[in-house]
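A.B. asks: Take a look at the letters that make up each chain.
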Amino acid sequence: MSDTEERRGGLVGYVLLLPAGAWLTLFFVVPLVTLVSTSFYDPAGSLELGYRVTGQVTNYASVLSDYSEQFLRSLGYAATATLVCVLLGYPLAYAIAFKAGRWRNLMLVAVIAPFFTSFLIRTLSWQLILADQGWVVDTLQFLHLLGEDGRLLATPVAVVTGITYNFLPFMVLPLYASLEKIDPRLIEAGSDLYASPFTTFRTVTLPLSLPGLVAGTLLTFIPAAGDYINAQLLGNTRTQMIGNVIQKLFDGGSYPEAAALSVTLMAVIVVLVLAYVRRAGTEDLV
Amino acid sequence: MGSANDLVLTGVSKRFGSFVAVDDLDLTVPAGSFFALLGPSGCGKTTTLRMIAGLETPTGGRITLGADDITALKPYRRPVNTVFQSYALFPHMTIAENVAFGLRRSGTRDVKDQVAAMLEMVELGDYGRRKPAQLSGGQQQRVALARALINRPRVLLLDEPLGALDLKLRRQMQIELKQIQTEVETTFVHVTHDQEEAMTMADTVAVMNAGVIEQMGRPEDLYEHPSTTFVANFLGQSNLIRGELGGAEQADVVVDVHGTRLLAPGAQVPDGGREVWVGIRPEKVTLAAAGAGALRGANVLESGVVTDASFTGVSTQYLVRMPWGQELMVFEQNTGQHKGFVVGDTVDLHWVPDHTFLLDAGQDSAAGVERETVP
Ligand SMILES: Nc1ncnc2c1ncn2[C@@H]1O[C@H](COP(=O)(O)OP(=O)(O)O)[C@@H](O)[C@H]1O
Ligand SMILES: [Mg+2]
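Top to bottom, those sequences are chains A and B. Numbering-wise, the UniProt record's numbering puts 245 at position 245 of the first sequence, and it's gapless, one number per residue. Numbering-wise, the UniProt record's numbering puts 304 at position 304 of the second sequence, and it's gapless, one number per residue.
It is possible that some hints are incorrect.
Claimed, not checked - Coverage of chain A stretches by chain B, computed from C-beta distances (three or more under 8 Å per stretch; other residues unrestricted): (1) 177-188; (2) 201-214.
To be verified - Derived SDA-like pairs (lysine to any residue); straight-line CA-CA distance at most 20 Å: (3) K131(B) with V111(A); (4) K131(B) with A280(A); (5) K131(B) with K99(A); (6) K339(B) with P323(B); (7) K284(B) with G362(B); (8) K131(B) with L186(A); (9) K74(B) with P197(A); (10) K181(A) with P91(B); (11) K99(A) with F16(B); (12) K131(B) with L206(A); (13) K99(A) with E56(B); (14) K112(B) with K131(B); (15) K99(A) with V111(A); (16) K74(B) with P184(A); (17) K181(A) with A133(B); (18) K74(B) with R185(A); (19) K74(B) with R154(B); (20) K131(B) with P197(A); (21) K74(B) with L210(A); (22) K339(B) with G291(B).
Just so you know, these hints were derived from the structure itself, not from any lab. Here a beta-carbon is modelled for each residue, glycine too, at the ideal position from N, C-alpha and C.
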């Protein structure tokens, strides 16, 4: 290949990158820069009067001291919901991939079907399901798993249930994609080589589905940590998550604090995700 | 050695729905033998192997290994290991981890040393830390072999283990596999659809067709004395000519073939009617110019016309049209002593009566002919 051809080839590559680059700049870089700079504004200003760019870090200090409780709660709820999603989603994905036979496509459609209804509507219907007079509470009370005046709505259980419900497909789909790729002969090879079904699962199936598990937990945990709809519709004031705080600050016009909180949430999530991915060692997987 | 470790299948069947993949199969694999299960694609070889491995449950029958009935034993409890058709190496493990897998399950102690020794044996000593994807097809094949053999199974099952390799590598691996088998003295059950592979490697070959065993024996016996038209055509090539049995003549029997009197070994006469297929292998026949004298006692078919002659180097392969219209194959060794014939020559076909075999005429003379062409 001659020099000019090579250069032209390179040029074409850059030209092809332009739309994506423009898109990223417009919808990611600009908002991010705006968000970060807003977080350093003087909180005394307002949209009408304008803000002074003071470059102060007090926004961060104050939101961290004021809202650390909601912060930890968000991470806790998100982690719990992610864990429950794994416990529910793994067997489901496994069944669809290996046991469903001709029902496979139907089951996949069933996993995706909830997306045809709005997120909000679906969460609202959980209000009905978990309501104090609902059959779930009745049943649990009948079984004495819940006290006479016990309730589900407006408790952490309801919020975590809502999050779990809403993000379960994001766990199941990548897990299914990973499991479905596993050659059944590998599982047979495991059992041919003296591994019991459980040992084969532990040494062959699980490691090979790790990419899907990592993707699923990230797709669940990240949006769950920033979610506020579930806490708002299914929780009470004592189950507020960081998303609710940001929304409240936003509604109250406290843009600099809201921005500082958002940036902090992003930073924490990035750090957690990096640590997690490195721990899971997915880059080493085939 | 001896019958204490023979693998015996008694009346084993496998049905998938209404489809019978393996039909009432009886098979004895002598301990320590290199046993080949040979048959065309789809005849039930893999299914048979999977039932021995425990990966498929027989619909009927019994499988015993020595004194142990293993018919219902879980695969991970059987002293049997498999080299899978596509190797099925664990992609997330290194070569050494793959080979160690079985030993780790059984809690053996000096796993590391055994793995090193086994990798040495299959000439992959330096590859232990690689992943399967970093190895060539031939190397992966050897890893699969090592991973199975290291467990010292009482029977090793190989499902078309060389099928994915190119011709040259396949020939080389055939020799290596045979050497390894002689070295470890384990019973090998080797499944293949390649008749040449089966004959070069195995002590005993079982020819399988449509879920049943057609014939079983030493490769030489199968080749020289096929008992069905399928075996006659599937193992090498055969000329099958319609004939009618006559009387006995000392140890031989007389057969009338389109008006010509031929002799065949009397031990070969099939049960059934007087109609028979008279078989003769193309390389057993010599061509002579029409009317040239034959050796005393030879079988002679006169007045054929050469319709095709193709020179392959080692031999010349002729097609000769006989007076009754059938085309017969004749392979002449290129010894340099005969002058070749050309299309249109009139020739006689000579052969030694002992090389003749007789088959029941109730069978399709074309059974087993349509083989997959060997690449
Ligand atoms: N799980 C199965 N379900 C239905 N039919 C099968 C199954 N496994 C094999 N068969 C059928 O059984 C026959 C024998 O298959 P197989 O043992 O794989 O043949 P071979 O290994 O000799 O090529 C084939 O016709 C195949 O389609
Ligand atoms: Mg097969």
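A.B. asks: Of all the hints numbered above, which does this structure not satisfy? Sort the numbers upward.
C.D. replies: 3, 5, 6, 7, 20 and 21
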